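**Q** Model the full assembly from the supplied sequences, consistent with the hints where possible.
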Amino acid sequence: MLSGLFSGFMVDTWLQASVMAVVAGAVGFFVVLRGSSFAAHAIPQGAFTGAAGAALIGANTLVGVGTFSLLGVVAIARWGRRGQHDVVTALCLVTVLGIGSLFLSMNTEYSEQTFSLLFGEPLAVSSSDLLPTALLGAGCITMVVVLFRPLMLSSVAPELAAARGIRPARIELLFLLSVGVATTMALPVVGALLVFSLMIGPPATARFVTDRPALAMAVSGALGLITVWVSITASFWSNWPIGFFVGTFAVVWYATGRSLARWRRKPGPVLPLELAGAGSR
Amino acid sequence: MSILHAIFQPGLFSNSSVQDAAVVGAVVALVCAPVGVFTVVRGQSFAGHAFADVTATGGSAAFLLGVSPLLGFVVMALAGAGATELLGAERQRGRDLATGVLLGAGLGLSALLLYLTTTAQSTTGAAVTVLFGSIFAVSSSTLPMVIGFGATALFLVGLVYRPLLLSSINPDLARAQGAGLRVVGLVYVVSLALSVALSALTIGAILSTALLIGPAAAALRLAKSPGRAIACAAVIGVAATWAGIVLAYDSYNWPPAQQGWPVSFFVVSLVLAAYLLAQLTGRRARQA
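Just so you know, the sequences run in chain order X and R.
Just remember that the numbering used here sits 54 ahead of the position in the first sequence, which is counted from 1.
Just remember that the numbering used here sits 506 ahead of the position in the second sequence, which is counted from 1.
It is possible that part of the hints are untrue.
Claimed, not checked - Simulated restraints on C-beta separations:
1) R/627 with X/283: 43 to 51 Å
2) X/114 with R/758: 26 to 34 Å
3) R/651 with X/269: 50 to 58 Å
4) X/199 with R/675: 44 to 52 Å
5) X/318 with R/549: 29 to 37 Å
6) X/184 with R/514: 50 to 58 Å
7) X/224 with R/786: 25 to 33 Å
8) X/113 with R/510: 25 to 33 Å
Unchecked claim - Among the chain R residues that face chain X by a calculated CB cut under 7 Å, a handful are:
9) 572
10) 713
11) 715
12) 716
13) 733
No lab work stands behind these hints, which were simulated from the structure alone.
Remember, it's a predicted structure, so these values are computed and weren't measured experimentally.
All C-beta atoms in this analysis are idealised placements derived from N, C-alpha and C, irrespective of residue type, glycine included.
**A** Have a look at this one:
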């Protein structure tokens, strides 16, 4: 059944998926910490339209997804600072999705393509995408590592960060950029609708497990990796959509983490202030 | 006359699926107006959006079982509402995460159900219908159900209108008065779930937020009182849906494929346009 799981083109899939999983886990840690679930939800769904548009004009999916992720990042960074954040994001997002459905309806291959863009297709990656994926992943990880402390500080203690001359708007933009990069890598594999699960499930669980930011990030990356590995294997074996496994894993992790925290009689996720102490140490 | 003829093309008013679509669109827009206004005022857009995504699971299951998608949407939206109430009672942030994780599971499950539908019935359109909607495909036998659920949602909102308004605008005062805040919240969530399900039937599960939140958000920029905002939202919603239906009907003659553009695309774009216009007008009015 599983023969062929590691053969030829599947190696590319494994490599790219692994890089993507680690990046999503690391970036997701800050998504959870900053409470930016809406952005992490919106950017992938908007990027779906990029993928649909790329399919329509016959361009590379990665380019389409990347462009629209970037547009999403800029849009959220621009409008996010005013009030009414949620409404504008939701409306723009839905309109962009509507345009995506228009693109798909103009395309002849329609249904099957819709399905894999929304719910993932582990075989969607091609070997020519390997280098860009690796570069994007390395860039994103470097950015997260370099920005770790200022990002941490501005996430948990904005006033303190401002006092130290960290500009919140710039940090927010860089953070959103990293979400955009993670989206670009993850979308073709796990699907536009499930990137969010991958970005939220593991880090949300990690915060139940440990109070230490660096460790939490590592746990989150590891859980992301396990999720993606097992999901690809299961999807390959059963032929079921990979998105199903990714979504299910996120819930299993989260529920496990939650009951673990309850069992240890901890009052849920750590308070931001405790993390602030750890971050500025 | 010729322009009118180009907009309202021959056969538009006599086409039975257009007629059904117009009724469904109007009912849904009317229901979404009050619920949407409360959703925006309460800052619950994310919850509305989450329900919408989770309803996709219900729609997919309905396709697999061969029952009306609306039933699936409603059941799943209500289940989602119950689950979010149960899971995240403590803090806002934890609640968002719990919602998000559940939402992902719902979408993953709908992926599986749609896949099974495709393999079992060798039909391929289910994913598009569930996620992006097709109001022209709503069968006339679903109409009574649409009206029934719509009326229920409106009745529920009407029932708790005053306390809901108070708790939305001034939660502290409402808490001080203490009159069954939890019940009010629960009734609101049920009506939200029903509206999301109806909206999902009209323009698709993942687009349904537009009809719920868009007209309401636009109306809140224009109108001063809650009552007027609801009326205004209803007008905007009905106008956007009907205009979307007309445009989609016209688009059968448009490039590239002459097969019609999706109704949902038009509705969603029109709603966004209405919102942006309202914001512009609202700002100008404030400056003057």
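**Q** All hints are to be evaluated individually against the structure, with a verdict given for each.
**A** Hints versus structure:
no., hint, result
1, R/627 with X/283: 43 to 51 Å, "violated (32 Å)"
2, X/114 with R/758: 26 to 34 Å, "holds (32 Å)"
3, R/651 with X/269: 50 to 58 Å, "holds (52 Å)"
4, X/199 with R/675: 44 to 52 Å, "holds (45 Å)"
5, X/318 with R/549: 29 to 37 Å, "holds (33 Å)"
6, X/184 with R/514: 50 to 58 Å, "holds (54 Å)"
7, X/224 with R/786: 25 to 33 Å, "holds (29 Å)"
8, X/113 with R/510: 25 to 33 Å, "violated (40 Å)"
9, 572, "violated (19 Å)"
10, 713, "holds (5 Å)"
11, 715, "holds (5 Å)"
12, 716, "holds (4 Å)"
13, 733, "violated (20 Å)"
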